[in-house]
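All chains, please: the whole structure from these sequences, using the hints.
These protein sequence lines are chains A and B, in that order.
Counting in this note's numbering, the first sequence runs without a single skipped number right up to 497 at its last residue.
Counting in this note's numbering, the second sequence runs without a single skipped number right up to 465 at its last residue.
The set of hints was computed from the structure by calculation and includes no laboratory data.
Do not take every clue at face value.
What the hints assert, rightly or not - Simulated pairs of lysine-lysine, DSSO-like, Cα-Cα distance not exceeding 27 Å:
1. K393(B) - K189(B)
2. K160(A) - K362(A)
3. K290(A) - K98(A)
4. K46(B) - K84(B)
5. K201(A) - K484(A)
6. K356(B) - K156(A)
7. K21(B) - K98(A)
8. K156(A) - K46(A)
9. K201(A) - K21(B)
10. K348(A) - K362(A)
11. K356(B) - K21(A)
12. K21(B) - K139(B)
Note that the coordinates shown come from a computational prediction; the quantities given were computed from them, not determined experimentally.
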Amino acid sequence: MTVSILIFLPLLAAAALFLVKNDWAKHIALVATLAELVITGVLISKFNPNTSFPQMDSTAPWIPQIGAYFVVALDGLNIIPVLLTALVLPLIILSTYKHQYDNRAKAFYALILFMQAGMTTVFLAMDGFLFYVGWEAALIPIYFICGMWGGENRVKITLKFFIYTFAGSLFMLAGLIYLYLHNPNGTFDSSDFYNLQLSLKEQSWLFWAFFLAFAIKVPIFPFHTWQPDTYTEAPAAGSMLLSGVMLKMGLYGMVRWMIPILPLGFNQWYPLAITLAVVGIVYASIIAFKQKDGKRLIAYSSIAHVGLISAAILALNWNGLQGAMIQMLSHGINVVGLFIVWDIISRKMNTRDITQLGGIAKVAPVFATCFLIITLGAVALPLTNGFVGEFLLLSGIYDYNIILVAIAGLTIILGAVYMLRMYKGVMQGPTNDLTIQFTDVTGTDKWVLIIISALVIVIGVYPQPILHLSDAGVRDFIHFMTEKMSATGSNTLPVTK
Amino acid sequence: MNTLILISVLPILLLYLGLYKAKNALLPVTVIGLAVALGLAISQWKAADTVMPIYNGMMLFDHFSIAFTGITVVSTVLILLLSKDYFEKISSHVAEYYSIILFALAGIIVMVSYHNLTMLFIGIEIMSVSLYILAGIKKQDFGSNEAALKYFLMGAFSTGFLLFGIALIYGTTGSFDLDAIRDWALSHKSGSYPMFYTGIMLIIVGLCFKVGAAPFHFWTPDVYEGAPTLITAFMSTVVKTAGFAAFLRLFQNCFVSVAEFWTPVLVIIAGLTLFIGNITALYQQSFKRMLAFSSISHAGYMLFAIVALGANSGNSVFVYATAYSIASIIAFAVLILVQQQQGNDNFESFNGLGRKNPFLAFVLTVAMLSLAGIPLTAGFIGKFFMFTGALAKSHIYLVIIAVLNAIISIFYYFRVIIAMYFRNSEREGLAIPAYFNVVLALSALITLFIGIYPTVIAALIPSVK
Numbered sequence: 001m002t003v004s005i006l007i008f009l010p011l012l013a014a015a016a017l018f019l020v021k022n023d024w025a026k027h028i029a030l031v032a033t034l035a036e037l038v039i040t041g042v043l044i045s046k047f048n049p050n051t052s053f054p055q056m057d058s059t060a061p062w063i064p065q066i067g068a069y070f071v072v073a074l075d076g077l078n079i080i081p082v083l084l085t086a087l088v089l090p091l092i093i094l095s096t097y098k099h100q101y102d103n104r105a106k107a108f109y110a111l112i113l114f115m116q117a118g119m120t121t122v123f124l125a126m127d128g129f130l131f132y133v134g135w136e137a138a139l140i141p142i143y144f145i146c147g148m149w150g151g152e153n154r155v156k157i158t159l160k161f162f163i164y165t166f167a168g169s170l171f172m173l174a175g176l177i178y179l180y181l182h183n184p185n186g187t188f189d190s191s192d193f194y195n196l197q198l199s200l201k202e203q204s205w206l207f208w209a210f211f212l213a214f215a216i217k218v219p220i221f222p223f224h225t226w227q228p229d230t231y232t233e234a235p236a237a238g239s240m241l242l243s244g245v246m247l248k249m250g251l252y253g254m255v256r257w258m259i260p261i262l263p264l265g266f267n268q269w270y271p272l273a274i275t276l277a278v279v280g281i282v283y284a285s286i287i288a289f290k291q292k293d294g295k296r297l298i299a300y301s302s303i304a305h306v307g308l309i310s311a312a313i314l315a316l317n318w319n320g321l322q323g324a325m326i327q328m329l330s331h332g333i334n335v336v337g338l339f340i341v342w343d344i345i346s347r348k349m350n351t352r353d354i355t356q357l358g359g360i361a362k363v364a365p366v367f368a369t370c371f372l373i374i375t376l377g378a379v380a381l382p383l384t385n386g387f388v389g390e391f392l393l394l395s396g397i398y399d400y401n402i403i404l405v406a407i408a409g410l411t412i413i414l415g416a417v418y419m420l421r422m423y424k425g426v427m428q429g430p431t432n433d434l435t436i437q438f439t440d441v442t443g444t445d446k447w448v449l450i451i452i453s454a455l456v457i458v459i460g461v462y463p464q465p466i467l468h469l470s471d472a473g474v475r476d477f478i479h480f481m482t483e484k485m486s487a488t489g490s491n492t493l494p495v496t497k
Numbered sequence: 001m002n003t004l005i006l007i008s009v010l011p012i013l014l015l016y017l018g019l020y021k022a023k024n025a026l027l028p029v030t031v032i033g034l035a036v037a038l039g040l041a042i043s044q045w046k047a048a049d050t051v052m053p054i055y056n057g058m059m060l061f062d063h064f065s066i067a068f069t070g071i072t073v074v075s076t077v078l079i080l081l082l083s084k085d086y087f088e089k090i091s092s093h094v095a096e097y098y099s100i101i102l103f104a105l106a107g108i109i110v111m112v113s114y115h116n117l118t119m120l121f122i123g124i125e126i127m128s129v130s131l132y133i134l135a136g137i138k139k140q141d142f143g144s145n146e147a148a149l150k151y152f153l154m155g156a157f158s159t160g161f162l163l164f165g166i167a168l169i170y171g172t173t174g175s176f177d178l179d180a181i182r183d184w185a186l187s188h189k190s191g192s193y194p195m196f197y198t199g200i201m202l203i204i205v206g207l208c209f210k211v212g213a214a215p216f217h218f219w220t221p222d223v224y225e226g227a228p229t230l231i232t233a234f235m236s237t238v239v240k241t242a243g244f245a246a247f248l249r250l251f252q253n254c255f256v257s258v259a260e261f262w263t264p265v266l267v268i269i270a271g272l273t274l275f276i277g278n279i280t281a282l283y284q285q286s287f288k289r290m291l292a293f294s295s296i297s298h299a300g301y302m303l304f305a306i307v308a309l310g311a312n313s314g315n316s317v318f319v320y321a322t323a324y325s326i327a328s329i330i331a332f333a334v335l336i337l338v339q340q341q342q343g344n345d346n347f348e349s350f351n352g353l354g355r356k357n358p359f360l361a362f363v364l365t366v367a368m369l370s371l372a373g374i375p376l377t378a379g380f381i382g383k384f385f386m387f388t389g390a391l392a393k394s395h396i397y398l399v400i401i402a403v404l405n406a407i408i409s410i411f412y413y414f415r416v417i418i419a420m421y422f423r424n425s426e427r428e429g430l431a432i433p434a435y436f437n438v439v440l441a442l443s444a445l446i447t448l449f450i451g452i453y454p455t456v457i458a459a460l461i462p463s464v465k
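Below is the structure:
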């Protein structure tokens, strides 16, 4: 069994949607994503986590004339993002059950499934051309999802989002072509790219070409300006797709397609890149403090969280990278949970203004409990999923630089303050005329929240299986980079510590 | 050769059909004739491995020629299918229309198959004279008349440059034959030959006029806007493709050895063309005018293949021209339908099309994505080839300019997508004639197929020695 099935199943399901009635679309989409989750589970159970070799791979000629092959495989570096995609998609679809999409439901769910195929391709691709095609194939559907079902200013904001990310990816495309032209085997194969010997000057340029694409996607300060508007204006499912899964494409891209290919360029520029990431954490945390719109607050908190993940990846050591892996999963689950919470609130109350809310905990105990658990996960309380990741991330950055970790750590405290203030503002205190009408969650809403809360706690209490999945991959990656750096004679890389 | 003869005889037959008022037979006869011509061309594919120039070195029907004959004939058929009720409305001389288009096509086939500069000139003239008439075929319409006059004046002017350039080349090398010119250029690498170089420059000017590259592009928007929409479609797809094929054939065959001389000139022209086309397209309110300017910027991308002349240039232009032509045909087809219903072609007249005509909106979206060069459409493969070619020759600055322009182009290509899907308006559903459905569906399928599995056409034209 190969992992290519994970790409083709959502595509087939998306095609199948056009054969059924609009009322059936959401059920088919749910079944398809659940099937994808089950298959992912089976694949992971067969996955051998004690080796970093690519497994369950398949290779097929695609455009042999230009050396582009369909090469997909599962290894320690991409198994967590793949798991995340498969896990989060059914939850997102379940959370849309109470929305009405009328005669466009088929299009809506087909776009989501198409996007799932694109994102899975990005994570599984071992071929640069395939990676790029997946990268863009994931962008087109989310553009339409945000543009067709978004808020009032959707047209302008989604165009800005598209232009931003498209600009980044075009520079990455130029970089990929450059690597391809310098590959003596004339292919886009990632392992060929790892063996390229490019000069420092070439690598510096290429580093920025790739970093730009990834930094915009994540986003890392100062390339984040599209993000808060887009997350706020997007429909709930769109925000979840963007923050839950899509931004991990940028984080993963750095690990697979930037650092190992361009060690010298990375060595030259990573101090600046880490500093940008940490500046982003502080900046976003401060702005998040001021937000009254719940969705916007989550958007800024997401910049802070992923800034921490980026900084740890760029610090390049075992703790940081392992933390990044598990935190990709945890952040994906938590941020989807938070967006679902705000989707429910705005659906029931018609507002996302925190100052107008309050006291909901009194009238909706189930909702309050789940919201609290997810919030605690987001602020990284011990025994929640956020804790494991953030602990490893901070210790990874600590190995690189104590001052940076102090700044980054400070913002964790700030994060806890604004997240808990948000919870307090919405859920506690006296009820008012508006919130007294809040009815507790029922049906699909309830189940989605319970599943997410359970995941928050289970991963927090027993993260070992997840850490184990990526352990060998991360260890060998760090080892590979250490050898590569010592071979080139540069020893300033943090990895040598 | 049989293809050319058939396409030259076919229009005469059509004129007779017109004379005897057999109007209904016009389209079937043309389409069947062109299909046979296409079949004849393709049947020569194997033989083209070892083909030699014929008629004293006048013509050479090699793979390059057959491939470009193929795409121009296919595009013409698609456009003719769209003209089924369209031309009855604007002119009572339908037979003329079909036969003149076929005459132009005959000229185009000479342009992609020449092996002698005189044939290049004859081909361009046959095509151009037909187009002057076609641009003004709406005899009572001022816009159409203006387009025809402008096109004629500019065209005649540029032909002058071309002819003068050919004369200077002949003056230095003593031959019109492409091989002879190549041998001369190879054996005269060092030393200064001002007449030869001036000849090359004048030919560049003449050909840039024909393909609408900046700064020789200023006739395009007015002519494209004034001419009947289907003629515009023909000019901006088939004619442009032929122009580039002719351009490439000449430079790839003759002037590679003196590339150092003309490459900087073409680099500047390509950069200018991209910026001028794109930035002007940004400010257009009319969809048709936007397409006219975007066609200028696509000329800029296609110039990359000539700037970065290499073994794969023929393929690059072929793939790019195919992607661009098919996507443009979709755009023009939808434009005709919307124009008929709304009375104008502003971006606003596309509002809400996504709800009322999902199929139409979908194919137009595919076309716009392809023109913008988004993966999984043919346009991306075309852009990929152009970028690869330019980077292989270390034209990094040119690729950066191209990337910036690709970003700019998103603004205007997405405007119509935004209008169709993200904006609502009270509108009636469009009635789509059956022929349109066939052409649109076929074109969208080709675009997606090339985008997903380009293996079939990615290495069609074997590299030139």
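field: Hints breached by this structure
entry: 2, 3, 4, 7, 8 and 9
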